[in-house]
Amino acid sequence: MSDQEYDDWYKWGKAVLYLEMAIAILVTVFSLYLAFNGQAAGIA
Amino acid sequence: MTNKIEQLILATVAFFWAFLMWFSTAAFSPSIGEFYGLTTGQLALLASSAIWLAPPGRVLAGWAADRLGAHNVFTIILAYSGVVSIVSAYASGIGFLSDFEVLFIERMIVASAGISFVVGIQHVAQWFDEHEIGTAEGLYAGTGNVGAGVGALLLPRIYGTNFSDAFLHLGIVALLIAVVYQWRGQAARDVATAEAAKANTSLGDTLFVWTRFAAIALMLAYAMSFGLEIAMNSWLPSYYATGFDGAIADLGFTGTAAIQTAAGTFAAVQSFNASLFRPFSGYMSDLWQRKGWTPYPLLSTTQEYSPRVHWLMTALLLITLTMVALTLVGLAGLLPASVVVLAVFGVTVSFGTGGVFAIVPVLFEDRPGTASGFIGGISTSGGIVYPLVYGYIPNIHMGYAVVALVFFVPFMLFYVWAMRYEEDPREHGVGSARRWLGGDEPAPTGGDD
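Chains as they are written, first to last, in numbering that gives the first Met the number 0: chain P, 0 to 43; chain S, 0 to 448.
Any given hint could be a false lead.
[Stated by the list, open to error] Quick list of simulated restraints, FRET-style, between CB atoms:
1. 434(S) - 22(P): 17 to 23 Å
2. 24(P) - 253(S): 26 to 32 Å
3. 22(P) - 159(S): 21 to 27 Å
[To be verified] No farther apart than 27 Å at their CA atoms in a straight line, the calculated lysine-lysine pairs in the DSSO-like style are these:
4. 3(S) - 13(P)
5. 197(S) - 10(P)
6. 10(P) - 3(S)
7. 13(P) - 197(S)
[As the list claims (entries may be wrong)] Quick look at which bits of chain S chain P covers, simulated, 3 or more residues with Cβ under 8 Å:
8. 66-79
9. 264-272
10. 301-312
Treat the hints as calculated values from the structure; they're not laboratory data.
Here the structure is a predicted model, which means the values were calculated and not measured.
Glycine included, C-beta positions come from ideal geometry on N, C-alpha and C.
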C-alpha cells in the first residue's frame, strides 16, 4: 500500500505522535537528571 | 457536515478529560488524607477504588456504544461524571454516612469516567479505514491516557490543597465537552456502518465475542500492557520510596514530602512513556502491516492482518524481558539504571497497548464496541491483581520477575496458540459461530459493502 492512499491528516497525525514522544523523552531526561543529582539539582 | 478528523479530535479531547477526572482523586490524596484525617489503609482503599468499576463498566459501555452510538454514550458518561464531580466539591455526610464516605462514593462514580475508553475506540473505529486505524486509535488512546500524567503534574500546582475547587472546575468542563460531543458527534461515517454495529448487539453476539480464543488472547495481551500500566501507576511511587530508600536519602531527599516528590518523579517516567509512545505503536502496527512483516514461525501468516499480530507478539516479548530487567537492576540497587529500564519498560508497554487496539477493530469490525468492552474491560483487573502480587513477595524487587513468569509467559503461550490458525481465527472458540449467532452463515464480516 503506497503513501499516496493516505489522506492529509496522516502526515499531521505522525507529526503529533513525534511531538508526544519528544515530551516523553524530556520527562525521562528530567527524571534521570534527578536520579543523578538529587536535591543538589534544585529543581525537585 | 463533519469529517473523521473532527470526530477523532472530539473523542480524544473527551477521553483526555475523562482520564484527567479518573486520576484526579489520586493527585490530591495527600490533601484529602490530611483534611479527613485518613489512615494509610484508607488512602490505599481510595486509590484502588478508582479501578473497581472499570471491568464491568467498560463491558457495558462498549456494548452500549454499538447499540446507541458512541456520541450518545460518551455524552451520558461525561454528563453524569461531570455532575457528580461538581457535587463532590460540596461533599457532606448524609444519614449514617460520614463526610468522607460520601466523598468516597462520589469520587468512585467520577472515576468511572475511565470506562469511556472503549466508547472512543468504537467511535474512531467507525470512522477510519483499516490501513490507518492503528495510527488513529493510537493518537486517540495515547493522547487521552496522558491525562493521568498531566493531572498528577498540574492539578496540585494549580489548586494546591484546594481539591474542592478542582473537582468543581473539572466537572463544569466535563459538562461543556458533553454538550459539544452531543452537538458535533456522529456515530459512524455512514448509516450502513452504524447499523452493522447496532445489529450485532444481542446476547448471542456478546457471548460469541467473549468465547473467541482470539478475543481472549487479545484480552490477556491487554492485561499484560494496559492492566500493567495502571497497576504500575499506583505501585511505582511506593516502590521507589521503599525499594530505593537508601539511594533517595543519599540524594538529599529527606522527609515524607521530599521522598514522595522524588519517588513520584521517577514513577512518572513509566506513565509518560507508556502513554505517549502508544500512537507510535499504532504507527508501527500500520508499518508492519504495510511491509507484510511476519517473522514468527508459529503464528499465522495468512490473515489479512497477520503482520499486526506479529508486531504485538514482539511487544509482548519485550514487556516480559523488561519486567525481568526491572527486577535485576532493582536487586543491584542501581537507581539511575532503574529509571532508564523503566523508560524502556514504558515504551514496551505502549507497544502492547497500541498493538492490541490496532487489531481489535480489524478483527471484530462488526462488533467494535462489544469487543473493545471485553478486551479493554476485563483486562483492567490486572491493575488490581499485580500490585497484590508485588506486595505479597517478601523482596520488593522480585515481584516484576514473578509476575512475568507466573502470568505473562502463560499469557504469551495462549496468544501463540490462539493466533496460530491459518483460517479465520474468529471460527475458533467455545461453541461455533452458528451456535451463538444462529443461522447457517459463519460470523458476518460486514464492511462498507
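Going through the hints against the structure:
no.: 1; hint: 434(S) - 22(P): 17 to 23 Å; result: 49 Å, violated
no.: 2; hint: 24(P) - 253(S): 26 to 32 Å; result: 30 Å, holds
no.: 3; hint: 22(P) - 159(S): 21 to 27 Å; result: 25 Å, holds
no.: 4; hint: 3(S) - 13(P); result: 16 Å, holds
no.: 5; hint: 197(S) - 10(P); result: 32 Å, violated
no.: 6; hint: 10(P) - 3(S); result: 15 Å, holds
no.: 7; hint: 13(P) - 197(S); result: 32 Å, violated
no.: 8; hint: 66-79; result: violated (count 0)
no.: 9; hint: 264-272; result: holds (count 6)
no.: 10; hint: 301-312; result: violated (count 0)
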